[in-house]
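Protein chains in written order, with the numbering used here: chain A, 1 to 275; chain B, 1 to 275.
Some hints could be false.
Claimed, not checked - Listed next, the stretches of chain A that the computed footprint assigns to chain B, with coverage defined by at least 3 CB atoms under 8 angstroms from CB atoms of chain B:
(1) 166–177
(2) 208–218
As the list claims (entries may be wrong) - Covered by chain A, per the in silico footprint, the following chain B stretches (three or more residues, Cβ under 8 angstroms):
(3) 94–103
(4) 255–262
Claimed, not checked - In the DSSO-like style, the derived pairs of lysine-lysine whose C-alpha atoms are separated by at most 30 angstroms in a straight line are:
(5) B:Lys62 to B:Lys183
(6) B:Lys183 to A:Lys62
(7) A:Lys62 to B:Lys62
(8) A:Lys42 to B:Lys62
Please keep in mind that the hints were generated in silico from the structure rather than gathered at the bench. Only a predicted model underlies this, so the values are computations on that prediction, with no experimental measurement involved. Every residue gets a Cβ at the ideal spot worked out from N, C-alpha and C, and that includes glycine.
There are 2 protein chains.
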Amino acid sequence: METVSTNRSFGGTQGVYSHASSRTGTRMTFAVYLPDHDKGAKLPVLWYLSGLTCSHANVMEKGEYRELASKLGLVVIAPDTSPRGQDVPDDSAYDMGQGAGFYVDATQEPWSEHFRMRSYIEQELPTLIAEQFPVDMNRQGIFGHSMGGHGALTIALRNPERYRSVSAFAPIVAPSQCPWGKKALGRYLGEHKAAWRDYDACSLVEDGARFPEILVDQGAADDFLEEQLMPQLLVDACAKAEIPLTLNMREGYDHSYFFISTFMNDHLRWHADRL
Amino acid sequence: METVSTNRSFGGTQGVYSHASSRTGTRMTFAVYLPDHDKGAKLPVLWYLSGLTCSHANVMEKGEYRELASKLGLVVIAPDTSPRGQDVPDDSAYDMGQGAGFYVDATQEPWSEHFRMRSYIEQELPTLIAEQFPVDMNRQGIFGHSMGGHGALTIALRNPERYRSVSAFAPIVAPSQCPWGKKALGRYLGEHKAAWRDYDACSLVEDGARFPEILVDQGAADDFLEEQLMPQLLVDACAKAEIPLTLNMREGYDHSYFFISTFMNDHLRWHADRL
Numbered sequence: 001m002e003t004v005s006t007n008r009s010f011g012g013t014q015g016v017y018s019h020a021s022s023r024t025g026t027r028m029t030f031a032v033y034l035p036d037h038d039k040g041a042k043l044p045v046l047w048y049l050s051g052l053t054c055s056h057a058n059v060m061e062k063g064e065y066r067e068l069a070s071k072l073g074l075v076v077i078a079p080d081t082s083p084r085g086q087d088v089p090d091d092s093a094y095d096m097g098q099g100a101g102f103y104v105d106a107t108q109e110p111w112s113e114h115f116r117m118r119s120y121i122e123q124e125l126p127t128l129i130a131e132q133f134p135v136d137m138n139r140q141g142i143f144g145h146s147m148g149g150h151g152a153l154t155i156a157l158r159n160p161e162r163y164r165s166v167s168a169f170a171p172i173v174a175p176s177q178c179p180w181g182k183k184a185l186g187r188y189l190g191e192h193k194a195a196w197r198d199y200d201a202c203s204l205v206e207d208g209a210r211f212p213e214i215l216v217d218q219g220a221a222d223d224f225l226e227e228q229l230m231p232q233l234l235v236d237a238c239a240k241a242e243i244p245l246t247l248n249m250r251e252g253y254d255h256s257y258f259f260i261s262t263f264m265n266d267h268l269r270w271h272a273d274r275l
Numbered sequence: 001m002e003t004v005s006t007n008r009s010f011g012g013t014q015g016v017y018s019h020a021s022s023r024t025g026t027r028m029t030f031a032v033y034l035p036d037h038d039k040g041a042k043l044p045v046l047w048y049l050s051g052l053t054c055s056h057a058n059v060m061e062k063g064e065y066r067e068l069a070s071k072l073g074l075v076v077i078a079p080d081t082s083p084r085g086q087d088v089p090d091d092s093a094y095d096m097g098q099g100a101g102f103y104v105d106a107t108q109e110p111w112s113e114h115f116r117m118r119s120y121i122e123q124e125l126p127t128l129i130a131e132q133f134p135v136d137m138n139r140q141g142i143f144g145h146s147m148g149g150h151g152a153l154t155i156a157l158r159n160p161e162r163y164r165s166v167s168a169f170a171p172i173v174a175p176s177q178c179p180w181g182k183k184a185l186g187r188y189l190g191e192h193k194a195a196w197r198d199y200d201a202c203s204l205v206e207d208g209a210r211f212p213e214i215l216v217d218q219g220a221a222d223d224f225l226e227e228q229l230m231p232q233l234l235v236d237a238c239a240k241a242e243i244p245l246t247l248n249m250r251e252g253y254d255h256s257y258f259f260i261s262t263f264m265n266d267h268l269r270w271h272a273d274r275l
């Protein structure tokens, strides 16, 4: 692991690091905010997964999480959203390829060699974090935005024993049923739709996945609400499965970090209460 | 005035606007955060001037001011740092030309036609803001970062009747005595140094300018501290002039928005208490 940068912020250290990933076969960059802490302390970990077009930097610059994370003693980790590089397949569209990994392990050419973000986030990066930072991996929570909300929900639903808390801002709750998801899952996983169910929060719940409770904040003025995000599908799936879901519809708020930052502290408190 | 964008954030509206400036002879862009307020209310105004290479967007994205500005009912305005455009003179260096207006009215060719940021910030933009937003122009404060800290200090010292409060993050307190300032003032104003004194906070204080009190936060790990910023010069000038100056040296903090955002709320409260 190589340190790209560290900056003192809100009584802690905002770091950016990179490492050679065996899962993606590329160099991967991620951000870690580490609050000041007593020597020997092990802090709980909160994973933030970002949305389409984002890298580790978007939430680090615009997320406004450091003040409260410092007070609560939460380590906040922001991975990249895909492998990147000249030798990595890409697509000219913003919603496919680099910056759009969709937190899947791709099975289809040309994506399957590098686009292994599920394994990277679920396995490789946690191992590295546990080795390199003063963290208590028995206290992990996960959240994210849009495509990253999809990532957080699906990863938590597949690994309820590992994460104590999950939440999302404007998540893609049912990629199998929206244009972004159909395109990405179709190309990363192929058209055999049974393979998509592991990467669709609503399908996972229908298939028996459970989590103690879920928090979602959604802007009511989000341009992607009706066509791509469709939170009601998750409301319905959770109701049927008796999973307590809190969905806050936020009047006037859109899909941007102006929305996310506004409700960031609510989410940090949600996780801290459960970690 | 044209609305470029508005986003709901922290119970208010973060807007970006543009207008044809008669002072700079260019189209100028600026950001305004307007908290929700009662009908007919007139809110106090806080001007934030940015540093080298910045536009209106840097503090808007990374400054973390909206939560408390909303609670305090402060309108926060972030202008650009220079005129911009293909027909506007520029320099390949980051510290001269576009993005580096130094809040002066340039008198030297080729800068004097467009680089009139003093008039723009002191006269033209306040007139526009007063016309277009629900503001109380009898309650104005001003702050800024680095080159923008220089701007805030010099503008407040020249106009103590207009601004009730002034503060700065890592300001250039004596441009006449540092490389950034000598280069910019020399080229914008010419080598006759008497003309520089109006644009140097320490010189203004030496020449009799007064302000009730000044707040400065400065990172002790700021790479520009010794060569460019030299806050002790302002400490000395203010001591001689009996201007109360609070200088907080912040151990470990650098020149970035990771530093600024950490102490943003302290500065918002400083201004709100005086507005």
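Tested hints:
no.	hint	result
1	166–177	violated (count 0)
2	208–218	violated (count 0)
3	94–103	violated (count 0)
4	255–262	holds (count 6)
5	B:Lys62 to B:Lys183	holds (28 angstroms)
6	B:Lys183 to A:Lys62	violated (33 angstroms)
7	A:Lys62 to B:Lys62	holds (6 angstroms)
8	A:Lys42 to B:Lys62	holds (29 angstroms)
In this structure, the hints that do not hold are numbers 1, 2, 3, 6, in rising order.
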